[in-house]
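There are 2 protein chains.
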Amino acid sequence: MNSADALLCLREYLRNEAYAATVVPTADPHAGEYLPSRYACREWLSGFTGSAGTLVVTLEEAALWTDSRYFEQAEQQLAGSGIELMRMKMPGTPSITEWLQARLDEDDTVVLDAELYQHTEYVAMEEAMPPGCVVAIEGLFDEVWKGRPALDFHALIALPTSITGESTRSKCQRLRERLEMGLPYVYLITACDEVAWLCNIRGTDIPYNPVALAYAALTPDQLLLFVDRSSVGEQVHQHLIDEGVELRSYQDFAAYLRSISQTTVRIFSGNRISELHYQAALNHIPDHPLTPVVLSDPQQGGVLARLKAQKNEVELAGFRKAFEEDAKAWSKLLQWIEQEIDGGQLTEYTVAQQLIAFRKESPDYRGESFTPIIAFGPHGAMPHYHCSSPEEAAPIVRGDFLLMDTGAHYVYGTTDTTRTIHTGNPTAEEVADYTAVLKGMLQLSDARFLKGTRGASLDILARGEVFKRGHAYLHGTSHGIGHYLCVHEGPQSIRMEENPVPLEVGNVLSNEPAIYLTGRYGIRLENALIVKEDEKENTFCRFETLTKVPFDRKCIDFDQLGPECTAIFNRLSPNSSDN
Amino acid sequence: MNSADALLCLREYLRNEAYAATVVPTADPHAGEYLPSRYACREWLSGFTGSAGTLVVTLEEAALWTDSRYFEQAEQQLAGSGIELMRMKMPGTPSITEWLQARLDEDDTVVLDAELYQHTEYVAMEEAMPPGCVVAIEGLFDEVWKGRPALDFHALIALPTSITGESTRSKCQRLRERLEMGLPYVYLITACDEVAWLCNIRGTDIPYNPVALAYAALTPDQLLLFVDRSSVGEQVHQHLIDEGVELRSYQDFAAYLRSISQTTVRIFSGNRISELHYQAALNHIPDHPLTPVVLSDPQQGGVLARLKAQKNEVELAGFRKAFEEDAKAWSKLLQWIEQEIDGGQLTEYTVAQQLIAFRKESPDYRGESFTPIIAFGPHGAMPHYHCSSPEEAAPIVRGDFLLMDTGAHYVYGTTDTTRTIHTGNPTAEEVADYTAVLKGMLQLSDARFLKGTRGASLDILARGEVFKRGHAYLHGTSHGIGHYLCVHEGPQSIRMEENPVPLEVGNVLSNEPAIYLTGRYGIRLENALIVKEDEKENTFCRFETLTKVPFDRKCIDFDQLGPECTAIFNRLSPNSSDN
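As they're listed, the protein sequences go chains A and B.
Residue numbering for the first sequence follows our numbering, beginning at 48 and increasing consecutively.
Residue numbering for the second sequence follows our numbering, beginning at 48 and increasing consecutively.
Don't read these hints as lab results, they were simulated from the structure.
Treat the hints with caution; some may be incorrect.
[Claimed, not checked] Restricting the straight-line Cα-Cα distance to at most 27 Å, the calculated cross-link-like pairs of lysine-lysine (DSS-like) are: (1) A:K601 with B:K515; (2) B:K515 with A:K515; (3) A:K407 with A:K368; (4) A:K136 with B:K583; (5) A:K375 with A:K579; (6) A:K515 with B:K136; (7) B:K583 with A:K515; (8) B:K515 with A:K498; (9) B:K136 with A:K583; (10) B:K136 with A:K579; (11) B:K583 with A:K498; (12) A:K583 with B:K515; (13) A:K579 with B:K498; (14) A:K136 with B:K136; (15) A:K136 with B:K498.
[As the list claims (entries may be wrong)] Some chain B residues close to chain A (C-beta under 8 Å, calculated; not the full set): (16) P345; (17) G523; (18) F605.
Where is the CB? At the ideal position from N, CA and C, for every residue including glycine.
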């Protein structure tokens, strides 16, 4: 069914049920970045394939909100659909609720699928709209979407402590120390990567994120794992039993939530639990219980997420090995491009495939960590460009920037690396732009900062050099990276926007400033960093750089880079002279 | 009465009234930085003279919370008082409410003086303590403090638009455009500098802040000014009448608040209105009125405060003139120090007096903008050191750092400048520290940033160089500066802590990184900056540097400074070679 037909089905449903509108976010009940096809409702309705966006549909109109990463892609994919593109954070763009309110009558109702809405998002929507206007229901898309895909479960694997560095029992103990409150409680874990970290399991149920579809619930004396039972082999089952994990069926999670006793404190992060599960956990509680039965996760960003983001020494050693392994593949790729570029067969697609082929030479490779971005010339100006088919891939020839942003999972760690090379002789402007991006990246790499520093405090070290060139990239400079887990991992970040979660020792982060010149080229350079305690002064932190892939030296103006950043460059890329 | 006797009086009162404790902040009903002596209750009770601190007194114990600027001073001034020093933001320091709760019994009551508590502070205290535990009353210190000073009013002056750049009528119009809501409203203005800006008046009721003690209330068609009537001369009165200002008596403000009609919307900033005035404005309103009667100031930081902080071209021209005028005095001072230093008569006190003497040579000088900080050697490590008497002043001799942080009011602008010079031959470490501070200051001066950038995003540009030396200063890098008004002016700032108010075109800010080595020396260098639209790209801002005072070139290692910062240095201080 194409998206025009899908919209027709949705509107017929809305009309029949007397709803005026619906809002379809990009979300599933696990708050994951990549959605199982079952939850790709927004894509099904709009045809827009980007990873972020919210579709709003009334009986007559439709509009899609997305961020600057996807402006160009969304414009192309929405063309002719009748769906208006709303450019988020641009002057004059209304908010979703402003837009809706301008179109609704007084008694109109906006219906939401309770499984697609995180609780906090749902509450925010409710509060921004007139009282009673918004309702959340179960199974909206089960009804609307004929032939909606089922969830697709695959075999789980269990990881040994030689890779994870810590047993599930030990992780549970550390969590319980932080949750202890002298009352019975249940800590609800709905994000698949959080379940994977806690239970030391991995899966392949979701593209790029090596996780199983799963929920977990931790109490003072139990750890329940809700997972597709048939995906758990005998050996994995025994491993889980040994670690004190009790298996439950994935389908029984909502029923379990409804069965939690009235006096048990439910602890969760409102931005990770779906409205469906929130209501299941709460709906039989009297309005004014004597003890509080709902508590927010007691730590900014989440207790479990913060522990997960502070990698232990075994995980860090794994990361170092993964980046070394990945550098071998990159090194081969850079040589191969140089060999092949004049042969006339090089395209964005073949480069992506070749890097995968080189990576597969490692027995420890477990797949790409996200859709490879191989973007030549003007394509590089779209931060999240990827060619959807071999036919659409641009040929790569002499004379322009080639931006390559790809990452891999190895069994001991996840990588994320961007290099931009020039296939000809860069102009003075191109060199100045490349050098500015490199300089920003190096300055951030070399930062020394007090423990407790928030990422937003460091962002300007990278972004400022781009500003000095009169350019601006609107995405974050840095995201967390999971350990053989999600390549985009919270809760820490380095970006312009305030994020109250401080950087912590053991965090692994990307460092990826960029310059995008629409219609011309994009330059992004990305290394990965470990937050470490400063060796000399333990009130400070510094970064260790993980990435070993060389830069394109002909694009660097060492005068512009300056002596300090040149020294950092030489320190960080001892082999860069090989390039 | 000394502070020991004052504490006795307070405890007798608490005991008689059956209160268990009180909290005495550093505050007055105008939320000013400098308190009229009438409101110096904390100083009266504790003997601690610093500008920030909160005293908590129970029947048996007392403790004073202050920030890192005052740790050394408070330690000295509290010695022997029985008042424990609580170092804020240091590991292990309890919060005031934690400390109180550990000492209170279940039914104990904490009493607060409603005039000394800003509304938001009061609410925060109420919420952090058990229900019903905290009460705010009127006149607590009237009762406790025998011989409490009365308020001291002095003659007002009116400023012409040749100095302010905008009439009161025009300012009112711009405010009303931003406040307009189709309902009757009153915008309550309780900060003296906000009243002064709006009414284009100045006064001398408060040390260092050239303001009159005053309140104002702006409605869609009135501007009421509550001021001591006898301090308003005929000419000023006529000026105010011409600008549409209606005079009321200072003493009548609370009565006016009680008289506001039930259906009028009260708009104010909760962190500028006292709990006394909040209750006066609200206490006759039914619990559930049909229309909202209280609205927070509609803009982060305050509508008026944001307008005031965006200086117009006339004000900016005045600032430039003020900094030029002040540079003449500084220049004479630096020469004078060099002449006098070997004479054996130079002290911290004589230097402060001599700078004032040089400043007085300008007919436009209107006084110091804050207590001069002239700090020699180890005294420089106390960020807010000042010698309280000529006798206590350290002699200034050869061989150490002399830190001078002083500012002046001129009728067309306010200055704030810090220079640190070395009176001998600086060691390599001293040069490296000085150069790091200078480099941080220059990097911030040269920043280019997107409109809408928050100050916290830029802080690391200055602070990062200090971190690289392994040191940390814990105060902000930058505060706003008023136009012939308060030298510390909000709402914008550049500091580590998040402040949601963005930097805006026309803001005037300090730029003052520092290194403090306790017991050894302090180095602080402070210029003032104007936020300007970038000349080439109007999505960006840059800074213009106002300060023209030279640096101590023998303390600068230009290799360490690097070519980029050396170029900035040469650009910003064309005459620095004269030094």
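Query raised in the report: Can you name, in rising order, the numbers of the hints this structure does not satisfy?
Result: 1, 6, 11, 13, 14, 16, 17 and 18
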